[in-house]
Amino acid sequence: MNPPSTPSHESKAVRHTVSYPRFLLDAFDEATEGSRVFYVWMFALTAIALVGAHAWANQVASGMAVTNMTDQVSWGLYIANFTFSVGLAAGGVMMVIPAYVYDDHDMHRVVIIGEVLAIAAIVMCLMFVVADLGRPDRFWHLLPGIGRFNWPMSMLTWDVLVLNGYLLINLHVVGYLIYQRWLGREPNPKWYLPFVFLSIAWAISIHTVTAFLYSGLGGRPFWNSALLAPRFIASAFVTGPAFIVLSLQVVRRTTRFYVPSGAMRTLVSIIRVTAVVNLFMLVAEVFSEFYAGGSHVASARYLFLGLHGHYELVPWIWTAIGFNVFAAVVLLTPALSEKRWLLNTALVLTFVGVWIEKGMGLIVPGFIPSTLHEIVPYAPSLTEWKVMAGVWAAGLMVFTVGLRIALHAMTGEMRADPEDLGAPAGLPTAGDTAADEDAVGSAGEEVDAPSVARVSQLEGAE
Amino acid sequence: MSEDISRRRMLKAAGATLGAAAFARAVAPLAQFTESTNMEEFLTQHYRELGPEDKTRLIARLEEDTLRKYGAEVTIRDFLPQENVQFGYALNLSVCIGCRRCADACHQENNHDRRTNQSYIRVLEMEQGSMDMERGTMHYDHAVPAEGKFYMPVQCQQCENPPCTHVCPVEATWQESDGIVVVDYNWCIGCRYCEAACPYHARRFNWSAPEIPAEEINPDQGLLSNRIRPQGVVEKCTFCLHRTRDGRLPACLEACPTGARVFGNMLDPDSEIRWVLANKRVFVLKEELGTRPRFYYFFDT
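In order, the protein sequence lines correspond to chains H and V. Under the numbering used here, the first residue of the first sequence carries the number 1, and numbering increases by one thereafter. Under the numbering used here, the first residue of the second sequence carries the number 1, and numbering increases by one thereafter.
Please keep in mind that the hints were generated in silico from the structure rather than gathered at the bench. All of these numbers come straight from a predicted model, not from anything done at the bench. Worth double-checking, as some hints may not be accurate.
Unchecked claim - So, partial list: chain H residues that the calculated Cβ filter (under 10 Å) puts toward chain V:
#, residue
1, Met64
2, Leu167
3, Leu372
C-beta atoms are modelled at their ideal positions from N, C-alpha and C, and glycine is treated no differently.
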């Protein structure tokens with residue numbers, strides 16, 4: 001596992017202090033180099049992120065009056081996106097479970113993509129929370145030990161803990177695996193496997209706690225449902241895998257990393273189940289709201305049918321339901337889901353469908369009618385849309401760069417120079433075998449062969 | 001080869017510099033925000049961690065700020081809860097005519113934003129024969145009292161079991177020994193979780209800095225009540241603690257032309273509020289939520 005001559009602890013530590021900065025430098029190089037498509041993509045994301053940053057800076061300066069939130073609808077697009085991003089982060093773990101619990105080898109190859117997604121999504125969560133704060137300058141009040149942390153009473157403090165914990169766990173796992181690959185060593189399971197299993201439980205916890213934020217409020221009947229947490233988990237396991245299946249196809253086309261088809265099949269099978277479970281729970285919720293009736297149903301009525309001449313959210317929710325039903329039908333009909341373009345359309349639509357369901361379909365109607373039964377409609381302002389686009393762009397940048405570094409470490413394209421590290425030359429390294437595997441796998445997969453050729457072409461051109 | 005690499009490094013460094021410059025330009029409006037604040041404000045501790053000297057300094061700073069930003073000389077004092085006092089409020093729905101003078105008085109007394117005509121009190125016009133708020137409205141614009149209607153002012157219920165304080169992640173809002181729920185305006189981070197948690201729409205957020213002409217500012221101010229709130233924090237009714245902890249009555253009560261409002265110390269057996277609780281059939285709003293309001297409603301007839 002380790003180089004044959006095991007050095008003493010001291011020299012090991014010294015070596016890491018030398019090699020780790022080099023690793024970071026290599027990672028930085030990797031993150032800032034690529035094909036023309038990569039540059040265009042990153043440039044576009046940077047531009048959007050800057051627009052978002054500017055809109056946010058204006059919001060901080062002139063106050064949140066630049067949003068369309070009110071005392072009646074006091075949370076809007078930011079918290080909706082926060083909730084959705086938590087789901088995306090939790091959904092990444094849907095690769096970890098098959099890979100490690102069921103020992104699915106195909107999934108094992110690509111599991112790091114789910115972990116990178118988790119990191120990017122959590123970064124987005126944190127940015128959305130900051131965007132929603134009236135006083136971001138007082139952020140330090142939330143730091144345990146320095147500020148005043150209302151734990152365990154406030155669900156929001158639980159969220160601070162689980163979200164940051166999940167970020168650290170995934171940073172550790174991904175960082176460790178990449179570093180070891182870069183060193184040319186086989187990762188030691190002792191140093192990452194316990195954290196992988198911890199991350200499974202932790203993923204469930206982040207979305208459960210986020211659901212408890214809302215379902216724990218007795219004054220908001222629309223949220224005050226025990227079904228909220230299970231619904232969040234089910235929809236998270238739709239969006240996370242859907243995003244990964246789409247990303248895997250991009251990875252196949254643009255890198256020489258071998259993506260086994262088995263992994264994609266497993267993920268699609270997962271979505272097949274979770275998409276239907278998610279729809280089923282929606283039906284269950286709608287039934288108990290409407291059959292009993294009473295004032296409890298006011299928010300649901302406003303959302304699905306309109307209330308007292310107000311119909312602002314009705315098109316949103318029916319669009320979401322349409323998208324989700326369409327996706328479920330495609331996924332459950334083999335003749336349809338075999339068509340790659342149709343499958344991809346279904347995945348994109350259900351991704352958007354769940355996004356609507358959690359935002360305009362859940363956060364906003366929780367406030368309408370207000371607790372004094374006043375109907376104040378809400379539609380996000382331009383500032384809110386800009387900030388949202390900026391955060392998504394920043395999240396995609398983290399995802400792209402993280403993926404690029406991770407995959408290049410896995411394929412051996414990013415590798416330490418053995419002479420620099422003072423390792424005996426000619427030592428067989430784990431990375432070489434991984435690269436061999438890639439070659440074999442690519443040859444076996446007809447889809448991968450041309451993409452490898454294309455990538456080498458691109459690199460040759462550079 | 002190595003020349004190629006160093007050329008790339010140069011290009012990257014140039015790109016990074018450009019990116020950093022663009023970012024600095026994008027977030028430039030933050031400078032406007034930092035101008036309005038300072039290190040001392042940034043480092044202000046939580047109200048309950050302030051010693052007497054800290055408080056004096058904080059108050060001096062706040063008074064100075066008010067003079068500088070609003071052009072008004074004000075006196076801010078820190079009114080502490082008195083011993084053996086539990087405030088209670090009762091409202092006679094048979095007498096209330098829905099004139100909303102209480103809401104106006106609150107607006108003046110508590111230095112609310114003038115543009116939004118903010119107030120801690122909202123008055124519902126309800127249909128006779130129904131307690132369903134769904135059938136009531138706050139947006140009535142006609143002579144009052146109207147036929148077949150009754151009126152229900154709603155403000156902070158100063159719950160004994162307040163959901164708003166439980167959810168605050170930074171303990172910026174809490175219940176004091178006399179039952180009043182207060183907000184530390186220097187500690188609130190503006191997440192608005194309390195606003196979502198309150199079942200009575202009692203909390204307000206300062207979506208922008210309040211605007212009040214200097215001559216309209218109420219100069220008698222409490223540190224935890226009606227002093228002018230900063231932008232981006234939550235505020236709420238404090239039963240006018242700067243008055244009531246000083247032996248006076250809430251502004252909304254004094255403004256009421258029909259005498260519908262009864263306020264007092266529930267621990268004092270001779271108080272009027274105790275008489276109402278003992279002799280009237282009182283009820284509280286949304287009792288089923290278990291918030292145990294200290295704000296009671298009753299009908300005479």
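- Query: Any of the earlier hints contradicted here, and which numbers?
  - Reply: Violated hint: only 2; rest satisfied.
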